[in-house]
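Student: Protein chains in written order, with the working numbering: chain B, 22 to 352; chain S, 19 to 144.
One should not assume that every hint holds.
[Stated by the list, open to error] What follows is a set of in silico ranges between Cβ atoms, one per label pair, in the way DEER data are often shown:
hint: 1; chain 1: B; residue 1: E170; chain 2: S; residue 2: G76; range: 44 to 54 Å
hint: 2; chain 1: B; residue 1: K208; chain 2: S; residue 2: Q116; range: 29 to 39 Å
hint: 3; chain 1: B; residue 1: G149; chain 2: S; residue 2: E110; range: 36 to 46 Å
hint: 4; chain 1: S; residue 1: Q116; chain 2: B; residue 2: K295; range: 21 to 31 Å
[Stated by the list, open to error] Straight-line Cα separation of at most 27 Å, BS3-like style, residue types lysine-lysine; simulated pairs:
hint: 5; chain 1: S; residue 1: K107; chain 2: S; residue 2: K137
hint: 6; chain 1: S; residue 1: K80; chain 2: S; residue 2: K55
hint: 7; chain 1: B; residue 1: K294; chain 2: S; residue 2: K98
hint: 8; chain 1: B; residue 1: K196; chain 2: S; residue 2: K137
hint: 9; chain 1: B; residue 1: K232; chain 2: S; residue 2: K74
hint: 10; chain 1: B; residue 1: K196; chain 2: S; residue 2: K62
hint: 11; chain 1: B; residue 1: K295; chain 2: S; residue 2: K55
hint: 12; chain 1: B; residue 1: K196; chain 2: S; residue 2: K98
hint: 13; chain 1: B; residue 1: K196; chain 2: S; residue 2: K107
hint: 14; chain 1: B; residue 1: K129; chain 2: S; residue 2: K62
hint: 15; chain 1: B; residue 1: K208; chain 2: S; residue 2: K62
hint: 16; chain 1: S; residue 1: K98; chain 2: S; residue 2: K62
hint: 17; chain 1: B; residue 1: K97; chain 2: B; residue 2: K147
hint: 18; chain 1: B; residue 1: K152; chain 2: B; residue 2: K208
hint: 19; chain 1: B; residue 1: K295; chain 2: S; residue 2: K98
hint: 20; chain 1: B; residue 1: K129; chain 2: S; residue 2: K80
hint: 21; chain 1: S; residue 1: K55; chain 2: S; residue 2: K98
hint: 22; chain 1: B; residue 1: K97; chain 2: B; residue 2: K196
hint: 23; chain 1: S; residue 1: K137; chain 2: B; residue 2: K294
hint: 24; chain 1: B; residue 1: K150; chain 2: B; residue 2: K208
hint: 25; chain 1: B; residue 1: K232; chain 2: S; residue 2: K137
hint: 26; chain 1: S; residue 1: K137; chain 2: B; residue 2: K129
hint: 27; chain 1: S; residue 1: K80; chain 2: B; residue 2: K196
hint: 28; chain 1: S; residue 1: K55; chain 2: S; residue 2: K74
hint: 29; chain 1: B; residue 1: K144; chain 2: B; residue 2: K208
hint: 30; chain 1: S; residue 1: K80; chain 2: B; residue 2: K232
hint: 31; chain 1: B; residue 1: K209; chain 2: B; residue 2: K152
hint: 32; chain 1: S; residue 1: K107; chain 2: B; residue 2: K295
hint: 33; chain 1: B; residue 1: K152; chain 2: B; residue 2: K129
hint: 34; chain 1: S; residue 1: K98; chain 2: B; residue 2: K232
hint: 35; chain 1: B; residue 1: K294; chain 2: S; residue 2: K55
Hints are computed from structural coordinates only; laboratory data are not their basis. The C-beta atom is built at its ideal place from N, Cα and C for all residues, glycine as well.
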Amino acid sequence: MKNVTDRRQFLTMLGTSLGIGVLYTAMPAAAASGETSEFFNFLGEANGERPRPFSFVQLSDAHVGFNGPPDPLGTKAFEHAVELINALPQSPDLVLFTGDLTHDTEDKDVHAQRMKQFLEISKRMKVGKVKYVPGEHDAGLDGGALYREFMGESYYSFDHAGVHFIALDNVSRAKPEVGPDQLAWLKKDLARFPKTAPIVVFTHRPLFDLKPEWEWFTSDGDDVMNLLAPYQNVTVLYGHIHREHDHTEGNARHLASRSLIFAFPDPEQAQDKKPLPFDKDHPFRNLGGRLIKEVEGHASVSSFPIDQVQLSLREFHEINGVQQIMKPIHL
Amino acid sequence: MKNKLKTIRPIHLATAVIALILAVSTPRSVRADESVKTIDITAKRFEFSPNQITLKKGETVKLRLTTADVTHGLFQRTFKIDEVIEPGKTTEVTITPQTAGTFTTICDHFCGVNHGSMKMTFVVTE
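Model the full assembly from the supplied sequences, consistent with the hints where possible.
Tutor: Listed below in structure tokens is the structure:
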């Protein structure tokens, strides 16, 4: 293929922090240009689908059924998030839910009721698709049996608008790990993609050692990231830590979403993993993730305040692909 | 006859050397093992007993782990502890902490609804 790439941005994802989730917006910056169109066609052939503008939301850790301290909100934050998503001027294509949909209980019937309640709220979202992965509170007690009964498979992949999405389950085994079977599956899943394919992994626990003594790690996370290492455009979205976090390692950017139930403290500052106190005057403070506001046209990043998130897919000379660069933070 | 002697003598010599090594090394090995401090830790949902252990930097200790109920784990990244504690079995792990400080150690084998709060502390003194 003739090289049609320049050192210019061609696909951008933008967003802002509104406190309920993360909405990513992907849009070609120069879709009308003939060269970009040709390049998109090439990506369409290589990746299986031509990139096009789209947006998606990340929500996490609703813990439906949890009613202990410090948070008396129950499902209010989750329901608030659903209302805000439905009020967006343009509906996102996808919602990715990164685990702990429910809070665990050893009464299987009660846990099943919580799964039903979660789905009842989730189905109110007027979006194209909602995809889930389990958290340890969904799947830890029974190896994910109840979760799979309600939500389907706990790991899988799909393509959307030129981006390859991979759902990983690092909670259904007793230890915090993905396990050899899933690693073998991941290797096979990735094999058909060029190294330039944009890849979004979503999972529950961090795939790196964020705070092992708080169980904020995946013991075979390095094995996962080694399989992803050759790929130039990898973003990992996760939950579990009930706070925002941004970490870059190699080609991959790891981003955590806030919770929809209560917040944990900064692991660099706090001695213990105790939930932050509930503030009745600001009931949703520290909850949610980031809502990234969809923008029209070819908006520049500088037009957004510092609490907004930019996810850029870039093309580079002689690579014939895209480089995914995220510039969020200062959240 | 000379050839026979040449063949036998090295064998005898080697046997004598091996016997000498065993005679010297075995008692030392036993003494070393006897000097290692052993600490029993019992896991049960959702606590370890004891929940705090004080160690000396550079001192080797053997941890003897048992569970009173279900399968648990003992995980501490700095000390490279990553053990499964199964019912009816005793798991042993030997550590020699090289850094003074306080080290939170967790159960990393999901054991129930309050699994996330199951932890203990190693305090390592200079």
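Student: Would you list, in rising numerical order, the hints stated earlier that this structure does not obey?
Tutor: 3, 11, 15, 20, 22, 29, 32 and 35
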